[in-house]
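Start from the sequences and build out the full structure, keeping to the hints where you can.
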Amino acid sequence: MLRKFRSMFVFILIICFVATFFAGCTNNNNQSQGDSNKHDTTNNSGKVDTNTPDDPFSLEADNKIIEDALAKVVTPDYFKNTPTYEYTVQYLVSPEKEGTFGQRYFEKKFNAKLKFIALDTTNRKDQLNTMFATGKIPDFLSYIPASDVGVYAKQGLLAEVPEAMIKENMPNYYPFIKEANLFQSTSVEGKNMALPFYAAKGGVPWPPAIRADWLKNVGINTVPKTLDELEEAFIKFRNDDPDKDGKKNTYALTNPSTQAGPIWFQSIFGAYGTNPFMWLERDDKLQFGFTTVETKEALKRLHKWYELELISPEFITDNGRSTSVEDISTKFAEGKIGYMDNLSFEDNQWDADGHINYRWVKQSPEWLKFFEDNKDNPDEMYKTEVFTDFNDDVPQPYYINLPTLKGPNGAEGYYTSGLQGSPMIFGQQMADEPEKLAKLLRIIDHITSDEETYLHMSYGIDGLEWKSDEQGRRLLNPDWSKHALFDPGYKKYGDWILNPVQNTNPAFFSVIGGPRAEQRYERTMDIIKEFPSYSDKLGIVLPSGAKYSEITDTRIKEYVVKAIAGDIDIDKTFDDEVKRWYKDGGEVLTQEANDWYKSGK
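Mapping to the numbering used here: the sequence shown position 109 is 96, numbers consecutive.
The set of hints was computed from the structure by calculation and includes no laboratory data.
Nothing here was measured: the structure is a model prediction, and the numbers come from that model.
Every residue gets a Cβ at the ideal spot worked out from N, C-alpha and C, and that includes glycine.
Cut-off 27 Å, straight-line C-alpha distance, at most; resulting in silico cross-link-like pairs (DSS-like, lysine-lysine):
1. K570 - K585
2. K287 - K393
3. K534 - K544
4. K59 - K469
Using C-beta positions, here's what the derived DEER-type ranges look like:
5. T117 - E147: 21 to 29 Å
6. F119 - R269: 36 to 44 Å
7. P43 - S309: 37 to 45 Å
8. K559 - E509: 49 to 57 Å
So this is what it looks like as structure tokens:
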């Protein structure tokens, strides 16, 4: 069993690595990124532009909309009365050519000039290091890994950005990063060396979902609120034929083996106040979650569930999230399991499109009819809130997102990815021009706090990427892909990629999208964000993190799987495994983690 497991485990890790690598590339390229600096006025879809006024999708038509909009841009007084500084900038992705809408809007709005340094996103770090070695340092760089801030600062490449300076020039953004304690991640030897990025969505818990129809079918009419109540439901999910097909072919839950460790059984570990893959606060110190007694108790509970056949025997190999093979959402929607907790709030909303809901609706005639009947009425189509209790007045069946799940000692909480994003840094030369630095801080603060500016920097102007409807709501333009300036990487239009503070202000989550966006953020996120949560308390990549990465990931995964499956005796092996963890590098990591933790106090 162990030899077979080891082979399977290595195979799974290889798949995880490949999937994670390509997922990261896709995220960078599709959400906000491109990598070319050559402008091309042809449509990426292959359509030949006629460039005639009669073609509403031509380059000429697009440019007319842009010129009309730019003519109406007003420069706020503060920026109007400051020097017209030129900033050399290295965004993660740059526009294809000088003069995109995004650049021209930025320059007119803020009375500034932008000079881009374009790099290939596939090996950006190597190119940055080469550039720095030649003494060429941009004034501003976005999306820099937190682990690199200290490295660059100690090489003398960065300008200090005093917290007092940020507070003075960023009155709207500063409270976000201060309350989230993000300066811990950008402090180097007592000096703040970067502008923290506030990842607002990262603070929203990943909610578990449970099949309401299964609960009813096994005689449970109240939503489980404790781990013991959940266990009672799980036992019935396995033994009491919850899908009413007369067969014993259902399981309570499984594990997203292809996803990152912190997501594995995250709601169950949270009910014990731990997560074996994350750094936790214990007695005003940081302790790695795997080494806690709570992790031991949680593993014993999970092993008990495996012995009771509540956990699918395929938990070692089940895919956490996929569009090409059967994954956990598919099993959940098809009635093979009755509980899942491995996806974010944005996959739970009832829009027939989120990762869970799309699969769920496909299996439900009543929900299919609901969306078909309301396809021309978005207000009705996207009116549904997430369910936190039973509801007989909606199409059946549905799933419930559990508002709380308390463990044996009263602990509760669901995983969050955390509020810390990739920081923004400033070249050392900016320290010699404090007025220039202060103006740039003011610009960033204005983008993240002024709705019209944020809208134009993120989504452009009315008539292209989005259009206003009769009610004045901003809706995504279904014909945008036909336009000459369309580019999925935003490199031609130049919006989005030039906004360094995307999704930092929750007030702007619904700035575009109409009823659908309102459903996602007001009828889904605003409910789920009130659920109890936890996050990793370590805000940086440790100096020895790469050297000892095996003991914080691969080794933990292997032990967790063996412990649940019963291949090892938890009571006989756990304490010795913790001692081995400390001996094999854990002592070094714990010391580094606490050195950083104390430095921010």
